[in-house]
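Visitor: So the chains spell out like this:
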Amino acid sequence: MEVIITICLGFMLVFAIVAVMNKSLLKSAIALALVSIFLGVILYLLTAKWAAVFEVSVCSGLVTVISISAISLTHEEKEQLQKKYMDKRRMAMLPYLLILCGFLLVFIVLTAKIQLPYDQLAEPSTETLSEALWDNRQADVWGQIIILLTGAFAVVTLFKEA
Amino acid sequence: MRALQYVSMLFVIIPLTALIVCSLIKRSRQNAAFYLLSAFAAAQVGLALYGLMLFNSLNISEYSFGFHITQAVADVFTLKPASLVMLLCIGLVSFTSLLVAYKTMPANKKLSYLRLLSALIIGMNGIVLVNDLFTMYLFIEIIGISSFVLISTTKTEEGLESAFIYLVMSSLASIMLLTGLAFIFMRTGSLKFEYLIAINNTSAEVSQNALTYLSYILVISGLLIKTGAVPFHSWLPDAHQSADTSVSVLLSGIVIKAAGVYCLMRVTDIFGNLYAIRLSLAILGVITIAVGAMFALHQNHFKRILAYSSVSQMGYMLLGISAGGILGFIGTMLHIFNHAVFKSTLFTNAAALHEEVHTLDIDKLGGLQKQMPITATTSLIAFLSTAGIPPLSGFWSKLLIIIALWKANFIGFAAAALVLSIFTAAYFLRLQMNVFWGQTPEHLQSIKEVKGTIRFAEIMLTIITIAVGLGFPFILLFLEASGII
Numbered sequence: 001m002e003v004i005i006t007i008c009l010g011f012m013l014v015f016a017i018v019a020v021m022n023k024s025l026l027k028s029a030i031a032l033a034l035v036s037i038f039l040g041v042i043l044y045l046l047t048a049k050w051a052a053v054f055e056v057s058v059c060s061g062l063v064t065v066i067s068i069s070a071i072s073l074t075h076e077e078k079e080q081l082q083k084k085y086m087d088k089r090r091m092a093m094l095p096y097l098l099i100l101c102g103f104l105l106v107f108i109v110l111t112a113k114i115q116l117p118y119d120q121l122a123e124p125s126t127e128t129l130s131e132a133l134w135d136n137r138q139a140d141v142w143g144q145i146i147i148l149l150t151g152a153f154a155v156v157t158l159f160k161e162a
Numbered sequence: 001m002r003a004l005q006y007v008s009m010l011f012v013i014i015p016l017t018a019l020i021v022c023s024l025i026k027r028s029r030q031n032a033a034f035y036l037l038s039a040f041a042a043a044q045v046g047l048a049l050y051g052l053m054l055f056n057s058l059n060i061s062e063y064s065f066g067f068h069i070t071q072a073v074a075d076v077f078t079l080k081p082a083s084l085v086m087l088l089c090i091g092l093v094s095f096t097s098l099l100v101a102y103k104t105m106p107a108n109k110k111l112s113y114l115r116l117l118s119a120l121i122i123g124m125n126g127i128v129l130v131n132d133l134f135t136m137y138l139f140i141e142i143i144g145i146s147s148f149v150l151i152s153t154t155k156t157e158e159g160l161e162s163a164f165i166y167l168v169m170s171s172l173a174s175i176m177l178l179t180g181l182a183f184i185f186m187r188t189g190s191l192k193f194e195y196l197i198a199i200n201n202t203s204a205e206v207s208q209n210a211l212t213y214l215s216y217i218l219v220i221s222g223l224l225i226k227t228g229a230v231p232f233h234s235w236l237p238d239a240h241q242s243a244d245t246s247v248s249v250l251l252s253g254i255v256i257k258a259a260g261v262y263c264l265m266r267v268t269d270i271f272g273n274l275y276a277i278r279l280s281l282a283i284l285g286v287i288t289i290a291v292g293a294m295f296a297l298h299q300n301h302f303k304r305i306l307a308y309s310s311v312s313q314m315g316y317m318l319l320g321i322s323a324g325g326i327l328g329f330i331g332t333m334l335h336i337f338n339h340a341v342f343k344s345t346l347f348t349n350a351a352a353l354h355e356e357v358h359t360l361d362i363d364k365l366g367g368l369q370k371q372m373p374i375t376a377t378t379s380l381i382a383f384l385s386t387a388g389i390p391p392l393s394g395f396w397s398k399l400l401i402i403i404a405l406w407k408a409n410f411i412g413f414a415a416a417a418l419v420l421s422i423f424t425a426a427y428f429l430r431l432q433m434n435v436f437w438g439q440t441p442e443h444l445q446s447i448k449e450v451k452g453t454i455r456f457a458e459i460m461l462t463i464i465t466i467a468v469g470l471g472f473p474f475i476l477l478f479l480e481a482s483g484i485i
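Those protein sequence lines, which keep their order, are chains S and V. If you read the first sequence in the working numbering, its first letter stands for residue 1, the second for the next number, and so on. If you read the second sequence in the working numbering, its first letter stands for residue 1, the second for the next number, and so on.
Bound-form chain V, shown alone (with noise of 0.2 Å):
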């Protein structure tokens, strides 16, 4: 139990300490920081594992901790094995991030991003431990901010304009979000997660009621605009296309993920069965994956691509959520991490062709398999798992989500993600081909492949989704022996 808590506490220290020493050194050192936070990402990998590992051992389903510097303090935080996977996604996606500013990044904004990226690593680390409705919205809040900065740090106009829209697609998201927490609040007087899960199963004057059923809509609706959800998801191919690429990594790879899914589900755990809710959020997620899908397809810029095909993998986690119970919950945990490695590898791509050949256009692009091997190779790998082919990690989560999808009587729309999962196979194929296959242009030809902290990401992250997809059987095994399928 002494070594849970020290884990647990570690995950706030952790990346507090790194805002501290960031914003004390000096430029001049700046390397040193990069260093730094990138073995504080990489041991919150290997912490969140311990975690997992200790929870398993102790037997326990959550475990709750707070600074107790006064003897009265409530207990703030909340760890539980969802949690953990999430922290494990923010330690590695983080990381990968770090390994390809190392590169991208310029040397004057070096210093200004690994801030901004402390501060959005509290603010991801927080949302994920936090058991109170507002604390949520005031670490989404951080999120964001640190998100408009980190878009926008290059300066260019496109940059600005992009974080601009997202600035402003936020501020809606916070007015809604905000407004449904205080209907909330007016109905119970208590924002905590336990309590609200409580009394919403136990008191129907609660839970049936106009007012409750337009905070759930407020809410909902905010944390889809954060998701990038179909009608919502105006803001998020600008600004993955015109940010660095270090910083694409980080907000496809798990800023959306941790402001928007994660939020979406615990909120929903809150409401309980509600099949209106579920039934909309299927549909929307239906849509998202088709809509996604079709804007993809239609693209000429890699890393447009790739925001339009996070816009569809999105869908599949809606549709996760909308099923419910223990399985969709596991399909769309696992669906998060296997897309937080395969879209981080395949931006870890867009950052090596950009570095190589300085340009992202497809069009200008071709026949770089011989070239670039380890590139265009990591990119196939990422892919096929994106559309879910066996046995790479993308199968599984997809394949958890169809069955849950079933058993939750929901066929039509199990079909409907299957039938769909064409589209992601088609766009990443067109890609494919246009950039890596065919005759290789004349000014292509002296092209090199890509070397240090970018390659070093690409393998990495690519052993990873082998690894998932070829061990995740054993997974299932193990739990389905701790009962929990």
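Chain S on its own, in the form it takes in the complex (with noise of 0.2 Å):
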């Protein structure tokens, strides 16, 4: 299991790389939400089950639409875009420069075989989606609510034209 999740991570540190390196925005975001399914899968490994499903729903599902039909309202050209980012070329090899180091610590932590600790590790938890969402975290319930509420307001407040 170790493996998997050193793998996992080393792909999240890839793809987090190339979400916050590339010139589009629209592989970006899809960059974004193959960061957040191996986040995913690492949650579902450590036995964090209805983190997980959220986590891949979320994160890697809502959100991306989201950034996507953003992306898609731009109005600016691709070509003037790619335009005002090409003085940035002298950072070009940095990227390459942190996947690498990436796969090199993925090798490392592989060759080294270290632990998780393991006896740290949650038990699995034998609540209920209802009982930990709304019996003991009802004050964080609310919380989401109204910060997906004030979401709302601030786009309407910034984008709409009154």
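Rather than coming from a laboratory, the hints here were simulated on the basis of the structure. Just so you know, these numbers come straight off a predicted model, no measurement behind them. Ideal Cβ placement from N, Cα and C applies to all residues, glycine included. Don't take every hint at face value.
Simulated DEER-style distance windows between Cβ atoms [unchecked claim]:
hint, chain 1, residue 1, chain 2, residue 2, range
1, V, I422, S, L97, 53 to 61 Å
2, V, L279, S, G151, 39 to 47 Å
3, V, H68, S, L97, 37 to 45 Å
Sample of chain V residues at the chain S side, in silico, Cβ under 7 Å [stated by the list, open to error]:
hint, residue
4, S112
5, L116
6, F139
Since each chain comes alone in its own frame, lean on the hints to assemble the complex.
Guide: Pasting the structure below:
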């Protein structure tokens, strides 16, 4: 299992770098979704099943849909965008270097056989979803709903021409 | 007990109702929403005062509650006297902000302002009521999102830029907070305040550990960014200056205190009496007071001076936290309340000047004492209170903080706090002289005193400043009689 987790961590690192460094916003958004999927796998393996479900469905599903639809609404021509980023060429080697470092890290971890602290791993929870969300973390649920509402208001305030 | 149950639930229900009403109402009826939200803010002030009375008569120190729709729900909120004082400040400052916004906010932005304000009030009420570190973080984020957008509602270039700076700084704070919380959770397996305080006092393995210390540093640094203490203060003056004045009232009056100082107080509660943390907070406090005051001396924009003054006053609150003990706690809470009142007064004065003179550049203002007597007098009283001149309210809170520092053996810091309050007087004297005193220039002869809601807010807040100042000996006597000090 450590092998899978370590490889997933490596992929997360690689796609995170792609998300930050890629010139195309669309590819960045897709790379970000992939980061979330690998994080979901790790969460699943670490027995946090509900967290994994939410990570994959919300962070890689919903958020990607929202960001891709936002990107499709931007008006700037693609060439103009690319021209804007042309002078960033001096950093061109950096992503490859970082990706290489990522692979190297995974390789080192795998060869050195570093153990995960299994004694600290939580027992699989017996709580049902409603117990976990409503009975024990009620305030968090309220908070999440209000954050979503506030985000909606923020978009309306900033982008709707009155 | 039943009364307390209803009162405590209303603190959650009232802002939620406000948010729902504001999101459903049409633009043509926005004034109705304005009156409703003002009534709600005023009701919160009344409820907080009533709650304090209830706590006194029931003789309890805290009350936990939740919304028990099903049986097994845990109590997710906790009400304490300190949180009631915060709720009082939140209601008062929101009310003031609404009074100011009624005049200053452009008509097509009013509805957005109301919606975001109700979200902001929920966030602040939440922070004050929660009993779990992670929920606290969640509500800090609500405050963050609504304040970014409130700062940039007018969509000027400076507004958007300063909101972006705030956004970047806040993300940094969020990363630090979350990482710190993850470390704490790794060590203890829970983020409930009660549990953390208990385990820190009993288990040396948990409390004296490199990872625990690292998590303290991360959490405190994150909260210091939200407070605007000195190495992390760069976002604050820009945000205050470029936002609409009604938003500046909120930011300076309550947001930096609810999301910064109050959370810091709760977090330092957990860590207990770690000398290193208290010492570093005290050093940061003195630096914050000094640097904020120095910068305030060299600004030419009315609101920018007030913003740096807020930075400087945050230093006093940090000193109060570092002193610890019941005296430091009461001093800090009182300074939060006093600062909310007098800084709101000063920002309301800024709104009055902006409405009448249309500039806040203090070089272009002057000699307005005769033209705007109410604004000039209220500003003078607020600044005397800020500088800590007896018998105004600011004097008592600074006195308590300095006594607490003295008792905690931080004698040097107490002396520094005393000496540095001269700087407060200096920059406000400069402000007062440049804006209100001296000869009135030709082009300002025809200026009239501000009318309506802004004038009402100025007078109301000044009366509170004077009343709390004069009545404070009675509050002290009451605290002594009930055995708190």
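Visitor: If a hint holds in the structure, say so; if it does not, say that too.
Guide: Evaluation of the provided hints:
1. V/I422 to S/L97: 53 to 61 Å: holds (54 Å)
2. V/L279 to S/G151: 39 to 47 Å: holds (40 Å)
3. V/H68 to S/L97: 37 to 45 Å: violated (56 Å)
4. S112: Cβ of V/S112 sits 4 Å from chain S, so the hint holds.
5. L116: Nearest chain S Cβ about 6 Å off; hint holds.
6. F139: holds (6 Å)
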